[in-house]
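Asker: The primary structure of each chain is shown beneath.
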Amino acid sequence: MVLSDGKGIGKVIFSSSLGTLIEWYDFYIFGMLAKTISIQFFPEGNDTAALLSTLAIFAAGFLVRPFGALVFGRLGDMIGRKSTFLFTLVLMGGSTFLIGLIPGYRTIGIAAPLLVLLLRLIQGLALGGEYGGAATYVAEHSPTNRRGYYTSWIQTTATLGLFVALGVIMLVKSNMSDASFTSEWGGWRYPFWISILLVIVSIYIRLKMSESPLYSKLKKEGKASLNPLKESFGNKANFKMVLLALFGAVMGQGVVWYTGQFYAQSFLENTVKIEFMQNREIMLWGIGLATPFFLVFGALSDRIGRKWIMLSGMLLGVIFYRPIFNTFLKDTNIKEWKKMEGDATPTIISKEILKVDSLPIDHVLATVTHSKIKWQSQQGTGFTETRADTILNVGATPGVTKEDSKPVFTDKKLSSPMKWKFILLVFVMILFVTMAYAPIAAFLVELFPTRIRYTSMSLPYHIGNGVFGGLVPFIATLLSASSPTDPLVGLWYPILIAALCVVIGTFYLTNKIDKNIND
Amino acid sequence: MNSLKKIMGFFWMTLAPIVIYLLIRAAIQNIDSTGTKDINKPVPWIIIITIFTPIAIGLMIFGYYSLKGEYDHLPESSDDL
Numbered sequence: 000m001v002l003s004d005g006k007g008i009g010k011v012i013f014s015s016s017l018g019t020l021i022e023w024y025d026f027y028i029f030g031m032l033a034k035t036i037s038i039q040f041f042p043e044g045n046d047t048a049a050l051l052s053t054l055a056i057f058a059a060g061f062l063v064r065p066f067g068a069l070v071f072g073r074l075g076d077m078i079g080r081k082s083t084f085l086f087t088l089v090l091m092g093g094s095t096f097l098i099g100l101i102p103g104y105r106t107i108g109i110a111a112p113l114l115v116l117l118l119r120l121i122q123g124l125a126l127g128g129e130y131g132g133a134a135t136y137v138a139e140h141s142p143t144n145r146r147g148y149y150t151s152w153i154q155t156t157a158t159l160g161l162f163v164a165l166g167v168i169m170l171v172k173s174n175m176s177d178a179s180f181t182s183e184w185g186g187w188r189y190p191f192w193i194s195i196l197l198v199i200v201s202i203y204i205r206l207k208m209s210e211s212p213l214y215s216k217l218k219k220e221g222k223a224s225l226n227p228l229k230e231s232f233g234n235k236a237n238f239k240m241v242l243l244a245l246f247g248a249v250m251g252q253g254v255v256w257y258t259g260q261f262y263a264q265s266f267l268e269n270t271v272k273i274e275f276m277q278n279r280e281i282m283l284w285g286i287g288l289a290t291p292f293f294l295v296f297g298a299l300s301d302r303i304g305r306k307w308i309m310l311s312g313m314l315l316g317v318i319f320y321r322p323i324f325n326t327f328l329k330d331t332n333i334k335e336w337k338k339m340e341g342d343a344t345p346t347i348i349s350k351e352i353l354k355v356d357s358l359p360i361d362h363v364l365a366t367v368t369h370s371k372i373k374w375q376s377q378q379g380t381g382f383t384e385t386r387a388d389t390i391l392n393v394g395a396t397p398g399v400t401k402e403d404s405k406p407v408f409t410d411k412k413l414s415s416p417m418k419w420k421f422i423l424l425v426f427v428m429i430l431f432v433t434m435a436y437a438p439i440a441a442f443l444v445e446l447f448p449t450r451i452r453y454t455s456m457s458l459p460y461h462i463g464n465g466v467f468g469g470l471v472p473f474i475a476t477l478l479s480a481s482s483p484t485d486p487l488v489g490l491w492y493p494i495l496i497a498a499l500c501v502v503i504g505t506f507y508l509t510n511k512i513d514k515n516i517n518d
Numbered sequence: 000m001n002s003l004k005k006i007m008g009f010f011w012m013t014l015a016p017i018v019i020y021l022l023i024r025a026a027i028q029n030i031d032s033t034g035t036k037d038i039n040k041p042v043p044w045i046i047i048i049t050i051f052t053p054i055a056i057g058l059m060i061f062g063y064y065s066l067k068g069e070y071d072h073l074p075e076s077s078d079d080l
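Heads up: the sequence lines are chains V and E, in that order. Using numbering that gives the first Met the number 0, you'd call the opening residue of the first sequence number 0 and step up by one each time. Using numbering that gives the first Met the number 0, you'd call the opening residue of the second sequence number 0 and step up by one each time.
Since the hints were made in silico from the structure, they are not lab data. Treat the hints loosely; a few may be bogus.
[As the list claims (entries may be wrong)] Heads up, simulated SDA-like pairs for lysine to any residue below, C-alpha to C-alpha not over 25 angstroms straight-line:
#: 1; chain 1: V; residue 1: K34; chain 2: E; residue 2: P74
#: 2; chain 1: E; residue 1: K36; chain 2: V; residue 2: A236
#: 3; chain 1: V; residue 1: K229; chain 2: E; residue 2: P74
#: 4; chain 1: E; residue 1: K36; chain 2: V; residue 2: K235
#: 5; chain 1: V; residue 1: K235; chain 2: E; residue 2: S2
#: 6; chain 1: E; residue 1: K40; chain 2: V; residue 2: S265
#: 7; chain 1: E; residue 1: K67; chain 2: V; residue 2: A236
#: 8; chain 1: V; residue 1: K239; chain 2: E; residue 2: K67
In isolation and in its complexed conformation, chain V is listed as follows (with noise of 0.2 angstroms):
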């Protein structure tokens, strides 16, 4: 049975889709505050705190969702979709709220990152498991010719928690001073606390759902698997069809997504230098104006395959990376900036002198100058530069000045029509990631039969998502170690990965629509 009329599908798509949405901003809002959360929990100096801030960053992502996917999924192939992705969503909401509630390193020591890194490690496990039911459970709810698009609303739900995330941190520190944020008991825990009451009202939807109609039905005639890890990768027939999945699809849209996500996002801010607020609003319009069309290619791939829109979202992604990014450096920079002419000229607004030092340099007196100044263009642009200029005294003859070659520059602030133009790049890739991950869904719940598709779709997408997308910036911080003067050279990753999945995908992949599920 499946749901065809708007009401019943609506409320299944509503009360999966909250759910998942929630557990994607619990996981992204640690991520995001990761900063403040090393200060108070795994303060500098302390071997101990650091390994354990060490492994609540790679351990939740790597090694734990893959193993969340693996118990949850099994759970929901045994038990059922409806109670295991409802155990998720207490687990994941649980240990948020918990996280905010931890004193700080200060008042009660190493018992504070051990508790972080255990309620770490549980979100890493629930989320896990959440994806997999909330796509199966979707699915077998829907027919056979819109398959695509009503999952493709549990695909928003990743987006949409990265959004809601980057909004409710702002709100809160636009609202107070940076000192009142970061503080033990300060803002930085809002987002955390806020948690709880969507997952108390997520839980109470869910709690009202029924089980999903393939896995009752299986259940019913005593078909559903006793050992769904087994069938899963024991049997041959199965497993090449787990290997295809992760090497020919997710791999490469998890590169993808994480690229025009995350890495765009710090790339902006630690490459780019773009000032903290006028980065989020950059990515914040980027993701809000680029979301629907989640929809459009999930409805787009019940009509021509999920095949081919998948791997054009790789493909476009592996063409223009390189040019997009190359595209912020070069309109940032500030050499560029200085030369223009009207009113884009940018002219010193305050200068701060903040520090003086001297030191005697090849036997002569010399005077490094340490300054901050703050440009600004009546059109709206602006940066600060750092610099230290040095003036060598020659007994008390006046000093020749030697001007800092190097001086850094930060907190850029683009105008109105170049921040529109970011917002268009980073639009741009996000719809790479709509176009690759918007059918995801479907296709991997196609693969595999009901009785152990939760186990068998699950690992493989967060593998993909998880260990090759969520590796984007360490390997770019490898690639930059070995070339630091490319600063693009973090991209070869993604692009290597997605490309190697365009061609696996394209020689292996089927593009039919598999019409019964119902197996």
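Using the hints provided, position chain E relative to the given structure of chain V.
Answerer: Only chain E this time, still in chain V's reference frame:
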């Protein structure tokens, strides 16, 4: 097309150990007690190599299946699985 898949199968089988070799080599080159970045710490490398080894083995198996023609015809329905 199927003969191309067989040739690619050999490539996937070869690629897997190369990836693991490159990861181990990068770990040895970058782990540095004086460094401050994540790539200088041993823990991320241990986690990444631990999780990537079974993935690379999966890629080898994928290549092997491809070489043996297991992907020449994909299953039409779940009964084939």
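Asker: Could you run down the list of hints and mark each one as holding or not?
Answerer: Quick rundown of the hints versus the structure:
| no. | hint | in the structure |
| --- | --- | --- |
| 1 | V:K34 with E:P74 | violated (48 angstroms) |
| 2 | E:K36 with V:A236 | violated (43 angstroms) |
| 3 | V:K229 with E:P74 | holds (19 angstroms) |
| 4 | E:K36 with V:K235 | violated (41 angstroms) |
| 5 | V:K235 with E:S2 | holds (21 angstroms) |
| 6 | E:K40 with V:S265 | holds (21 angstroms) |
| 7 | E:K67 with V:A236 | holds (13 angstroms) |
| 8 | V:K239 with E:K67 | holds (12 angstroms) |
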